[in-house]
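Peer 1: If you want the building blocks of each chain, they are given just below.
There are 4 protein chains.
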Amino acid sequence: MIRFECDYAEGAHPLIMQQLIDTNEEQTPGYGVDSYCDKAREYIKAKCEHDDIDVHFLVGGTQTNLTVIASTLRPYQGVIAAESGHINGHETGAIEATGHKVLTIPSTDGKIRADQIDKICIEHKEDGSREHLVQPAMVYISFPTETGTIYSRKELLEIKQVCEEHGIPLFLDGARMGYGLASPQNDVTLKDITDCCDVFYIGGTKVGALFGEAVVIKNESLKKDFRYCMKQRGGLLAKGRLLGIQFETLFEENLYFDIAKHAVDLALMIRKAFEEKGYEFLYDSTTNQQFPIIPNEKLEVLEKNYCFTFWGKIDENKCAIRICTSWATKKENVEKLIQDINKL
Amino acid sequence: MIRFECDYAEGAHPLIMQQLIDTNEEQTPGYGVDSYCDKAREYIKAKCEHDDIDVHFLVGGTQTNLTVIASTLRPYQGVIAAESGHINGHETGAIEATGHKVLTIPSTDGKIRADQIDKICIEHKEDGSREHLVQPAMVYISFPTETGTIYSRKELLEIKQVCEEHGIPLFLDGARMGYGLASPQNDVTLKDITDCCDVFYIGGTKVGALFGEAVVIKNESLKKDFRYCMKQRGGLLAKGRLLGIQFETLFEENLYFDIAKHAVDLALMIRKAFEEKGYEFLYDSTTNQQFPIIPNEKLEVLEKNYCFTFWGKIDENKCAIRICTSWATKKENVEKLIQDINKL
Amino acid sequence: MIRFECDYAEGAHPLIMQQLIDTNEEQTPGYGVDSYCDKAREYIKAKCEHDDIDVHFLVGGTQTNLTVIASTLRPYQGVIAAESGHINGHETGAIEATGHKVLTIPSTDGKIRADQIDKICIEHKEDGSREHLVQPAMVYISFPTETGTIYSRKELLEIKQVCEEHGIPLFLDGARMGYGLASPQNDVTLKDITDCCDVFYIGGTKVGALFGEAVVIKNESLKKDFRYCMKQRGGLLAKGRLLGIQFETLFEENLYFDIAKHAVDLALMIRKAFEEKGYEFLYDSTTNQQFPIIPNEKLEVLEKNYCFTFWGKIDENKCAIRICTSWATKKENVEKLIQDINKL
Amino acid sequence: MIRFECDYAEGAHPLIMQQLIDTNEEQTPGYGVDSYCDKAREYIKAKCEHDDIDVHFLVGGTQTNLTVIASTLRPYQGVIAAESGHINGHETGAIEATGHKVLTIPSTDGKIRADQIDKICIEHKEDGSREHLVQPAMVYISFPTETGTIYSRKELLEIKQVCEEHGIPLFLDGARMGYGLASPQNDVTLKDITDCCDVFYIGGTKVGALFGEAVVIKNESLKKDFRYCMKQRGGLLAKGRLLGIQFETLFEENLYFDIAKHAVDLALMIRKAFEEKGYEFLYDSTTNQQFPIIPNEKLEVLEKNYCFTFWGKIDENKCAIRICTSWATKKENVEKLIQDINKL
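Residue numbers (the numbering used here), protein chains in the order written: chain A, 21 to 364; chain B, 21 to 364; chain C, 21 to 364; chain D, 21 to 364.
Check each hint, because a few of them may be wrong.
Since copy identity is lost for identical chains, a pair holds within one copy or between any two.
As the list claims (entries may be wrong) - Think about it this way: if two alpha-carbon atoms lie no more than 16 Å apart in a straight line, the pair counts; the simulated EDC-like pairs of lysine to aspartate or glutamate are:
#	residue 1	residue 2
1	Lys211	Asp72
2	Lys244	Glu151
3	Lys318	Glu295
Keep in mind that the hints were calculated from the coordinates and are not lab data.
Note that the structure is a prediction, hence the values are computed from the model and not measured.
Taking the hints into account, I'd like the entire structure generated from these sequences.
Peer 2: This is the structure we're talking about:
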């Protein structure tokens, strides 16, 4: 069985494993103040082309989302997100468990637009009994989105502008950031993201690391006491250097970007195979997640040898699935899948 | 200026005020264990035709909603409600502040249907990664709804049945219960509500009391330690007898029902006046709230002498308003308004 | 049975009841933006001799404490209080339910000292792993304390100073403030309290009102969006004018202070009776709560006609009780009690 | 510089690292439902000599404590712990952030006794206004404690009994469990712990793993939906197998116990050296943490070559430090330290 159902099926990139072995016996201080974390911070700052940012390392995405959001909002404030946003539908109410409402915006492609954000903020401000409403006080977007789509530079800048107009910070969930940056459709750099966002994170778990997310805080007012928030939410890893070592390895050179490109290249090969077969897609993704719509009997054939994620029934005869590649996907497995798609 | 914008513009029914005066110098124990509260409990049990219910008194609706819901749910569970439900949109995220997500169901008339509840519960159970989703574990409905509509007995029974099938309790927000029961369209009794719900409350604030909501808990498993929850949320009134005295007065005889009927009768007179003028309504309400759609220039005329609540712009020329009557609304004021409607 | 076990056994001062009757049929906007609340605000500002303060009205003490504290702290911050502080031991963990730790300081008389606050703040700052500790970020004191004692002007100024040195706001719980101000031992004015505190409240529930606490916010940074916090915690009373009317009545002239003096005078008469009998006291209170230590068999005699609060066993033969007077205590009842004390 | 300041200065045991390398390219399902986790569960069940237990894997101790406790308690309930308990003083209020109070018991050696638990429960039950108090509903103990001491089998059984009498579950924090079991003073087995506790965890982070804590739930009523709680708190590791692989390696044979014994043997050698020098100890620990009291000028000498944790000033001339050994501590480093102690 070959697994294409997610991008966290394997361990870590061999260079990371090697580095973990090489440093295993060293003694370092705990909780992320070691030299490996410091080096990783320097490398990330360089790639972001920003010096005045704080970089913290957490273990997973839900942990990161809840820590960042709870650290930012006052009790009566909420975070704006697409209805399809990970924090809204797939984190067991982690944000609500910290006391905050997710204010949802409808979206067909996983993205939200500046004018939608503007509208919700204006409606709140103009409401005569606004103290009875949750105050919108942060915007959450994901890059790429949960459906594989990406924001253009222009879209990001528009969102940044409307956030500034309303005085609310912009938070970008980059759990799969590498795969977004590697999309042939992408015109955004890590510097652009840093320019546009008040806080964001660079996902490691799904892009080459055993685990780990690097939070980048640019907005001064969000920097204060962030380590307290990490500890309180159970997110301050005792052997913090494990995170430092992984991000150091990913960002010292271009490893993070190279392995993400590998995954996207393979995903687009699979996409092409489905397209040539005349299949349609649920979302127009140019990243590592593809959502083909497949006749049920054809899917049954493929599922004999491959694992996918069921994504939704389209009608009696067809359903949509998610196919993920990752930094670890083997080219021969993709070629085998393509052959089998061709045979359908 | 005559106020029709809400049903809490005046004080309390004169009989309540008199009873508060008459008992003012008496000494009673605090926190709701006095004889007035006990008598009020007995009267409410009699009207509900259930002996095995617990009755507690709280001060306001938001307080009641958050106390009941937080008392019921485990941390990862959420409460199902109409998108237009008061807990979803008009309580500043009070439910989320206790850690729980409101799982919304779309609704055009403020009501939700049994099949919608069924669907959300089944979807949750069938989801392969259901631990990543908020578990639906309570259903919240309001009677009447925020838009003045009411559930029929049949609808309530269907909802009760689907709740039982999924093993989740049904909670009914009766902030305006009296006005629902008094609707000519209504076929539900207080006994029916008690039969159908695991927990509900009878609103006093909007129906004759200075303040106060009577929570009725029928489900055994929800009764335990409810007073701890009340105290923790700041809802255990020191001079608890104030609540007892008010509900005793409302429920000793039929005062609660009589004054609610007064309000509904007047509201329907206003409705008829608008109908005869050919105006449409945003919602089909037969309770004390009416939502006529009025041309802007006509509204301007009326607003010289009356206060309404702006409810939403319909188009460039028209908007919807809310007109409320209450137990305290004076017939002569309604007649004056009707004359002015006729003149429009 | 004559009740001396608490200061909330009766209703409200007759002038308040009269004013509630007189205004009962008036129509006012809801949620505390009516003219009665505004007038009450003006009177309170005048008594505080501060113009630049915000005044909000809540219903009860626990509600007020949790709303003020949760409104002030970031998630990882805690509030310093005496171990005997109401928020620590008698509010069912209401503060913790909003996510915050109460950082306790031992106290034998209910008061905490500036040097104790200083110590806890310094210890936190000097701790090498301070992110693992709750950050002290507010100081809570009560005036008078839960044991009837009061802070001197000098003590308050010292606490204010140490709070400023550490940049943390001072919050004073004045649930029984009137009785503290009326103590013959007191050298503090309402202006002094306003000068010293960032936020405090003037208790109405225990001092003449049916219910109600007036929150005074002096610190600019704590003023923002406080009404959202009130609504979220269920503390924005629909018929907000009920609070306005009560505080207007209490503070238009000197009613609040006069009725508090009445209670304290009577309490000190009782104290004197016990002293002359040679009884000792658990706390050295000069306010409306007295804590005599009484031989068990004598207590049994008194309890035939009077209710007290049991406060603690001293030894096999003696226990401490709490005796409360209030604005409503009748002088003849006190005289009767004193006669019975003399007879012991 | 040789580090003795904590037991998480190094990576993981070489056998774990090897296993991580060997399995790195395998594809497994995420979130802890893979075969490695299943095997680890079987090995742990065997060591606990209980079949009817649930085993879950989390990343760190604070995360585990907050997830277990928040999963167990209703909102108004609190957890009893020693004042020195990790959840009380060193987790940035993580428990309070989930809404619950830590009810502390004074302790000089880090342990609490059955009679202390009994007392707090009885006091609560007998209190006339118990709804105003946090309800004690879980007992938290650590084994070994934060000060290196351990409970005897008799003490554990007494605590178990009192917990059962009051119907509240017992939770044991075993972040350093291995080092407790390896103490020459210990008479407790993993089976005893499983017999006595409703829920506990076996610490991996400090005993040979890169990270990871294995939660064992024996009490049926605590098992339900625990994975939802894990996900909500950000504790469901995407590549869950990483935890499975580590605990599989530690518990397949006796690795966990053997490496813990190594650490304790070395710690006791250090202890002996200090004892022979006539130094006293702050706590009477026979586990991997030692707390010698050292004259300031002697400490300065040692600190030229070794890192310790400062634990507290004893007087002007002396202070207490913490010296930790671990599974990774090198015998030659300990011998070097002992030589240097002898030279003091």
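Peer 1: For Lys318 vs Glu295, is the C-alpha pair at or below 16 Å within one copy, between two copies, both, or neither?
Peer 2: Within one copy only: 15 Å inside a chain, 58 Å across chains, cut-off 16 Å.
Peer 1: For Lys211 and Asp72, with the copy left unspecified, which applies at a CA distance of at most 16 Å: within, between, both, or neither?
Peer 2: within (13 Å within a copy, 45 Å between copies)
Peer 1: Which holds for Lys244 with Glu151 at a C-alpha limit of 16 Å: within a copy, between copies, both or neither?
Peer 2: Between copies, since 11 Å is at most 16 Å while 27 Å is not.
Taken one by one, the earlier hints all hold for this structure without exception.
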